[in-house]
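Undergrad: Order-wise, the sequence lines are chains W and Y.
To convert, note that position 2 of the first sequence is 1 in numbering that gives the first Met the number 0; the numbers rise steadily by one, no gaps.
To convert, note that position 36 of the second sequence is 35 in numbering that gives the first Met the number 0; the numbers rise steadily by one, no gaps.
Hints may contain errors.
[As the list claims (entries may be wrong)] Heads up, simulated DMTMM-like pairs for lysine to aspartate or glutamate below, C-alpha to C-alpha not over 25 Å straight-line:
no.	chain 1	residue 1	chain 2	residue 2
1	Y	LYS74	W	GLU212
2	W	LYS47	Y	ASP89
3	W	LYS4	Y	GLU31
4	Y	LYS133	Y	ASP72
5	Y	LYS112	W	GLU212
6	W	LYS141	Y	GLU87
7	Y	LYS115	Y	GLU80
8	Y	LYS3	W	GLU212
9	Y	LYS74	W	GLU274
No lab work stands behind these hints, which were simulated from the structure alone.
Model, not experiment: these values are computed from the prediction.
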Amino acid sequence: MASLKSIKKRIVSVKNTRQITKAMKMVSAAKLRRAQENVVAARPYAKKLGEVLQSLAANLEGDLHPLLEKRDAKKLLLVVLTSDRGLCGGFNTNLCKAADRYIKEKKSSYEQITVMTIGRKGYEFLKNRYTVNKNFPNVLAKPNYQAAAMMAQEIIDGFVAEEYDQVELLYNSFRTVMTQDITFEQMLPITPVASGEAEETPVEFIYEPSVSELLAEILPKNIEVQIFKAMLETVAGEHGARMTAMDSASKNASEMIGKLTLQYNRARQAAITTELMEIISGSESIKG
Amino acid sequence: MAEKMKLEIVTPYKKIVETEVEEVTATGKLGEFGVLPGHAPFLTSLRIGELVYKNNGVSEHMSLNWGYFEVQDDKIIVLVETAEIAAEIDIERAKAALGRAEEALKKLTQEDKQHKIYEAALERAIIRMQVAGKAVRK
């Protein structure tokens with residue numbers, strides 16, 4: 000049996016670990032709340048923009064915009080969003096694996112697949128496996144719209160210059176604190192949403208300036224918003240995942256402390272018993 | 000004027016304004032325009048400029064960045080990147096931004112990529128200061 004001292008030492012170290020994981024859980028919980036608020040706050044904008052786009056697209060008369068252009072999809076760009084920091088369970092690993100699987104699956108149908116990563120973890124995973132042409136680390140600590148706009152510009156430029164024919168976005172969307180869904184979204188070319196309700200007659204709008212000019216402005220915005228939303232969802236998901244991971248880590252630590260304490264007490268009891276036996280047998284021999 | 004319209008101003012960060020208004024004036028891409036209740040469905044893009052809405056005779060001034068403006072059935076939706084209510088504008092910051100932009104513009108030529116960026120920054124700063132000035136007078 001391990002010595003009393005070494006068990007004591009282990010108990011102390013596990014206790015320290017538990018303290019850290021508990022603190023991280025608390026921090027994540029606080030950050031999660033803020034991130035969640037951001038996600039909720041961004042929703043109306045994204046929704047309204049989608050509505051405007053739809054009403055525009057409904058009035059579109061073969062007036063094609065470069066971002067709507069459908070080419071033979073030969074070159075694919077995959078944009079992967081992960082967090083910058085680890086210790087959040089399978090959050091990043093699952094996403095990276097999904098990306099890996101996806102690329103392997105599609106390899107035959109495209110001539111070239113390039114990857115763009117947002118967030119450090121995804122970059123580290125994918126850089127040795129595939130060509131990562133751009134990486135944007137550290138934008139997720141404080142998701143801001145300017146950063147999203149910048150990345151969107153990058154993607155749009157590449158698409159217009161025909162560096163790639165299709166752009167897909169891969170990220171963890173935030174469903175609940177416990178669950179994140181791995182989500183694929185096609186970003187480019189933009190597929191105008193088929194107006195589902197045919198009964199709803201499109202309202203005749205007055206457009207100023209013309210529809211095509213408006214469309215030219217709104218399409219890039221749509222990309223920006225899509226990225227921005229994905230960023231917010233990733234951040235919220237990251238904190239949610241970290242909270243869950245740290246919670247179970249704390250629980251495991253507590254369990255371990257319990258086990259170790261039991262072991263410690265047993266060892267102590269055994270030591271005392273042995274000592275008593277020695278004393279008794281000693282005194283017996285004196286008497287005898 | 001008993002009739003009112005619903006006004007919503009939304010940015011990616013949050014909903015800034017959700018209120019009932021009697022009149023809205025904004026700066027569109029092709030110039031300033033006003034909207035009163037009963038306006039025909041209308042969609043336009045906005046440039047950096049001022050937006051004024053009037054509610055119960057009190058007008059509120061705002062400075063807007065790039066955005067969209069939609070009217071439909073007496074409901075106005077404004078999508079903008081940034082929007083600031085006059086009273087919330089930090090004049091010092093606007094002044095500093097103005098100085099920076101002017102400084103940068105002196106060094107750049109028309110062809111530079113950054114010229115446009117700084118020009119927009121300059122415009123924003125000027126509008127901000129104008130709008131902020133109106134809040135004080137109110």
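Undergrad: Decide, hint by hint, whether the structure agrees.
TA: Now the hints, each set against the structure:
no.	hint	in the structure
1	Y:LYS74 to W:GLU212	holds (23 Å)
2	W:LYS47 to Y:ASP89	violated (29 Å)
3	W:LYS4 to Y:GLU31	violated (81 Å)
4	Y:LYS133 to Y:ASP72	violated (30 Å)
5	Y:LYS112 to W:GLU212	holds (22 Å)
6	W:LYS141 to Y:GLU87	holds (22 Å)
7	Y:LYS115 to Y:GLU80	holds (18 Å)
8	Y:LYS3 to W:GLU212	violated (31 Å)
9	Y:LYS74 to W:GLU274	violated (88 Å)
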